[in-house]
Amino acid sequence: MPRSRLVFWLFFAPVLLWLLLLIVLPHLDLLTMSFRGENDYGEMGWTLQNYRNFFTEPVYWLTFVRTALYALITTFITFLLAMPVAFYISKLARSRVRGALMILLLLPFWVSELVRVYGWMILLRESGVLNFVMLKLGLIDKPVEMLYNDAAMIMGLVYTSMLFMIVPLVSVMESLDDSLIEAAHDLGAGKIAIWRTIILPHCKPGITSGAIVVFMLALGNYLTPNLMGGKNSLWFTEQIYNQFIASFNWNQGSAFGFLLLALSSLIIWAGLKLTGQRLGEVAS
Amino acid sequence: MKKVLVFVLMAMFALAGTARAETLKLLTWKGYAPQQVIDAFEKETGIKVEVTFSNNEEMIAKLRATRGAGFDLAQPSQDRISSVQEKYNLYQPMDYAKIDAKLFIPSMLDAVKKNTLVGGKSYAAPFCWGTSGLVVNSDKAAGADSWKALIDPTYKGRVSYRLKRPTLIAMGFALGYDPFALYKDPKAYKEMLDKIADTLIAAKPIVKNYWANGDSLIESMRSGEVFVAMAWDAGGWKLNADNKAIDFKAPKEGALGWIDTFAIPAKAENVAAAYKWINFIMKPENAGYFSSQEKCATASPDALKYTDKAVAANFARSFPQATIDNIKWYPPVPAQLESMEGKVLDKIKAAE
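From first to last, the protein sequence lines are chains A and B.
Numbering-wise, my numbering puts 37 at position 37 of the first sequence, and it's gapless, one number per residue.
Numbering-wise, my numbering puts 18 at position 18 of the second sequence, and it's gapless, one number per residue.
The shape of chain A in the complex, shown without the other chains (with noise of 0.2 Å):
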């Protein structure tokens, strides 16, 4: 078939060009520049000492391990706020409503990002919604600063990754079948034991690929950390930012790059393993 193989290559063309120059090109690059470096005399020369640095030097291991700790602190938030509403969502909600609540949580997804953590930034900051709201109740009778701490950060991290854990358990739980919950219950189980093992076992994939997703999100963000983190939310990411930026050391900040990818995929695979699981599964 001649033909159709054309008509496939000529559709695939700009597909490939576009991952080959813009996207591997590149990140070959990278991976070049991350093993380059001065050495004492300022020749540019081949060294694993930018990979060295990272080890060797706490500020920058310290931070990437506090970036991961965070990270999954918000996956494991959100998984547990977003298992009820999943569940409301395909079992109990009528259809005409289902349609309706996800339009709810995509909404706020057709901003940006920014204009997102902003938002929370009026209702949070000391002369912000919330305050005013609570000392004209008369619950408190200074402003409280809500901003510009870990709690901060993280529920807005938690509150930008909402939706990319609801939507995949939603999906896996509209396949659960109700009559194997009412049978349970029909035979005696309590609340918690069916959770335990019919609505979790069967939400598994799921759930990996929703925490997957958000665990990614949450370690690669930018923005939140540093918009609502203050002033001690040094994120892994701002650090890279910081060497190609503010120190002009690329090949620091390119083997910083490739530590982060090489370090949240060893986390994931770690992950998969101890709940026993393959990304495979995961994926299909």
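Any given hint might turn out to be false.
Said to hold, decoys possible - Result set (BS3-like, lysine-lysine): computed pairs, CA atoms no more than 27 Å apart in a straight line: (1) B:Lys187 <-> B:Lys43; (2) B:Lys87 <-> B:Lys148; (3) B:Lys148 <-> A:Lys231; (4) A:Lys231 <-> B:Lys164; (5) B:Lys102 <-> B:Lys48; (6) B:Lys187 <-> B:Lys347; (7) B:Lys140 <-> A:Lys142; (8) B:Lys156 <-> A:Lys231; (9) B:Lys204 <-> B:Lys62; (10) B:Lys244 <-> B:Lys305; (11) B:Lys140 <-> A:Lys136; (12) B:Lys114 <-> B:Lys48; (13) B:Lys113 <-> B:Lys30; (14) B:Lys244 <-> B:Lys102; (15) B:Lys305 <-> B:Lys30; (16) B:Lys309 <-> A:Lys231; (17) A:Lys142 <-> B:Lys204; (18) B:Lys276 <-> B:Lys98; (19) B:Lys156 <-> A:Lys142; (20) B:Lys156 <-> B:Lys187; (21) B:Lys244 <-> A:Lys142; (22) A:Lys136 <-> B:Lys156; (23) A:Lys231 <-> B:Lys43; (24) B:Lys30 <-> A:Lys231; (25) A:Lys231 <-> B:Lys195; (26) B:Lys347 <-> A:Lys231; (27) B:Lys244 <-> B:Lys156; (28) B:Lys283 <-> B:Lys309.
To be verified - Here chain B is said to cover these stretches of chain A; the calculated rule only asks that three of the stretch's residues, wherever they fall, bring their Cβ under 8 Å from a Cβ of chain B: (29) 125-137; (30) 187-195.
No wet-lab data here; the hints were simulated from the structure.
Values in this document were obtained by computation on a predicted structure and should not be read as measured data.
Quick reminder that beta carbons are idealized off the backbone N, C-alpha and C, glycines included.
Since the structure of chain A is provided, determine the placement of chain B on it from the hints.
The following block gives chain B in isolation, referenced to the frame of chain A:
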């Protein structure tokens, strides 16, 4: 198939047609190319102006990524030109015969020429200047007149500054060093940076947040959340227009003076348009309009005649002659200092 071919050809002609209209690609700071000036420029020369907003660090990164292509004119600060020029060759030498020397304050033009001298050639002409200093709410913090106010426990939780190199320099002056004199001696500079890092880490409970953009700082000063901040003079004057209690104040150690310039990237496509723009915006009436809009002084000797009285009054109020004489102008930054500073800034931000 034929139809598709015809369509593609027509699309190409259409694109070629738009590409012929002359454009000037300008890489600059927010506010440096007021719409009214752009419109007047287009009307006079027929050249379309495309503006990209940036800051010093991103300007360098953008030009470095393309090895000096993609823009016809950039506006970096004068102290950030010579070291990157030496290392990455981002700009082309300025042809001073093509700019109208009458439009510039001679001493400022000479200073910029001297500070951007690389290999016997100069690379920039001055556009505007200003200072970093303190912005103080005198109702709440009347006594703040030194960089030390930024680390003063009296103002705990009411202080804000950027976590960028100017803050390090300011702290250096506050601690009694002369950072600019130490530029030549990286070892002594490193010692000073370590001392500054310790000071700023110890002062973390005092600072409310590290501000990242000017508008958000103005908002927190206006709402009374912040009493003392390190910021640019123009920001202080903007606040003063709404609330007389808030104003720019040059610290007694001396405000930090910067000059933003015109520099032509190495692979600029439309160099002629770049020179036209320089000579156009430096005309007293255009420079004066820019000053009124952005509350920022220019290198044009006659611009003040065309500047709003209220804005001209700002300069008179905040900069008596003694204060001007005390301004510490940034000398060109040697290359290796910036990576040292980057590390120190990361350390401060990461510390609990």
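Report task. Check each numbered hint from earlier against the structure, then list the numbers of those it violates in ascending order. Result -> 1, 2, 9, 12, 14, 16, 20, 23 and 30
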